[in-house]
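Those sequence lines, one after another, are chains A and B.
Residue numbering for the first sequence is 919 to 1011, as defined by the working numbering.
Residue numbering for the second sequence is 281 to 683, as defined by the working numbering.
Any given hint could be a false lead.
[As the list claims (entries may be wrong)] Listed next, the in silico DSBU-like pairs over lysine-lysine satisfying Cα-Cα at most 35 angstroms (straight line):
1) B:K384 with A:K938
2) B:K570 with B:K314
3) B:K570 with B:K384
4) B:K490 with B:K480
5) B:K384 with B:K490
6) B:K302 with A:K938
[As the list claims (entries may be wrong)] Rough simulated footprint, nothing fancy, chain A against chain B, three-plus residues with beta-carbon under 8 angstroms:
7) 349-358
8) 373-386
By construction, these hints were calculated from the structure, which means they are not laboratory data.
Here the structure is a predicted model, which is why all the values come from computation and not from measurement.
Ideal Cβ placement from N, Cα and C applies to all residues, glycine included.
Here is how the chains run, residue by residue.
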Amino acid sequence: MVVTFLIPSPLRLFTDATSKVQLEVSATTVGEALEALSVRYPGVRDRVITERGEVREYVNIFVGDENIRDSGGLATPVRDGCEIMIVPSVAGG
Amino acid sequence: MNYSQAIRPKRGNAILMIGTTKGAFLLTASGARKQWQVSGPHLPGNVVYSAAFDARQGRSRIWLGSMNWAYGTTLRTSDDFGQSWANPESHPIKFPEDTGQALKQIWQIAIGSENEPDTLYCGVEPAALFQSRDGGESWSLVRGLFDHPHRPSWNPGNGGLCLHTVIPHPINPNRTLIAVSAAGVYRTDDGGATWQVKNKGIRADFQPEKYPEFGQCVHKVARHPSRPDRLFLQNHGGLYRSDDGGDTWNDIGNGVPSDFGFPIVMHPHEPDTAYIVPLEQEMRCGPEGKLRVYRTRNAGRSWEPLTRGLPQRGAYETVLRDGMANDQLDPAGIYVGTRSGKLYGSANGGNSWEVILEGLPPIVCVKTGMVEEVGSIRHPVAVSKSRKKAKAKPIARSRKRAA
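One chain only, chain A, in its complex shape (with noise of 0.2 angstroms):
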């Protein structure tokens, strides 16, 4: 199946600038997907995800309009033309 991942405009610098990167995955999960974009952009990874394997305080992934906090984390389920964001939360001073 296909996803669609949104990439937020600091990271592009590690996904050859793209911001939209659209993806033949196997994954089932979210966090499967996000596996599979890190093997094509190794530079993803660490920045979204600690090196305990949870998503960064201050980064939000949205599947469709919800965001995985509030269903299920990087377990939630994707589905095929999904498209997932990932965005920095609302911060700073």
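Following the hints, complete the assembly by docking chain B onto the known chain A.
Just chain B now, kept in the frame of chain A:
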């Protein structure tokens, strides 16, 4: 004011690396240190708590510890004085999975001794020590310290549970001293396999037991390279000196308006001379609204305030633990960066001071280096195209060209 893209130091020049909460600035000047060339901000938007300059074996490499609030903490390097910055795909400092820890901040980058020219250290939060033996290409957790039986009982200070000081011995590569807030001083004499607590004589006012084995909130330690058993220590309440490599500590806080403070720096050529910035403990600013650096020239028997050129009215300034540094020139340069974004410098060992920069974001670290070679080396680190004019050439496959 727009600063230049990169500094262009000459051989024998000092460079300053200023870490702020929103990026880094680089400065250089000739020996007189009258006119400073400034570049930056480098890594804009990133918190730069740590910096170091590696001039060993012909290198001229700037290291920055860089924390992005969303995307985590990494190490960045420049071999061309800020013209371009390598940006490794993987964060180089990572806790092994079995530790259950995740890196928050790199508090200290320490260059190993001359006789171990490929050794570097990083002190991090949560408190741990990482070491590289290949010039920074790969890093590993120092297990001997991480597995220390005291570690589960260490408690964080206000800044977090951080290993903020790493002092390699200039001659003996097996001996390294570290400090943790709030745990205190530990030393290895066997290259990191085992670590002994070295807090004998250091007070912990905030604990029922005033002289516990560990748990002291040591803020900074400085060692003099020509007399490596001579150490000065700024504690969370208390100033100390050790003449036996940290085995014992003696209180030297006589004659200062407050024995609370963060940084402590030694004179580069005089092992009896050290500098502190006393702070009032509650507000953590200079007492009486005065920014004063205090200097001892007799190993702590007495201290004198240095005020010429420093604001003495309404100056509620804070200088953090890495906010003061010396250079290696003669006469010595001493530099102080404040949380209000002002950088002061003295080119005469502290006798008089001038504002070098102001209007910076809050300064969290001031580090220096001496340029021994210019443009003579390039190490196998991929270089970013962080600036349009930068010529980038990836060398190592493990790293990626990126800003």
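For each hint, the structure was consulted:
no. : hint               : in the structure
1   : B:K384 with A:K938 : 29 angstroms, holds
2   : B:K570 with B:K314 : 25 angstroms, holds
3   : B:K570 with B:K384 : 34 angstroms, holds
4   : B:K490 with B:K480 : 11 angstroms, holds
5   : B:K384 with B:K490 : 30 angstroms, holds
6   : B:K302 with A:K938 : 28 angstroms, holds
7   : 349-358            : holds (count 5)
8   : 373-386            : holds (count 8)
Hint compliance for this structure: every hint is met.
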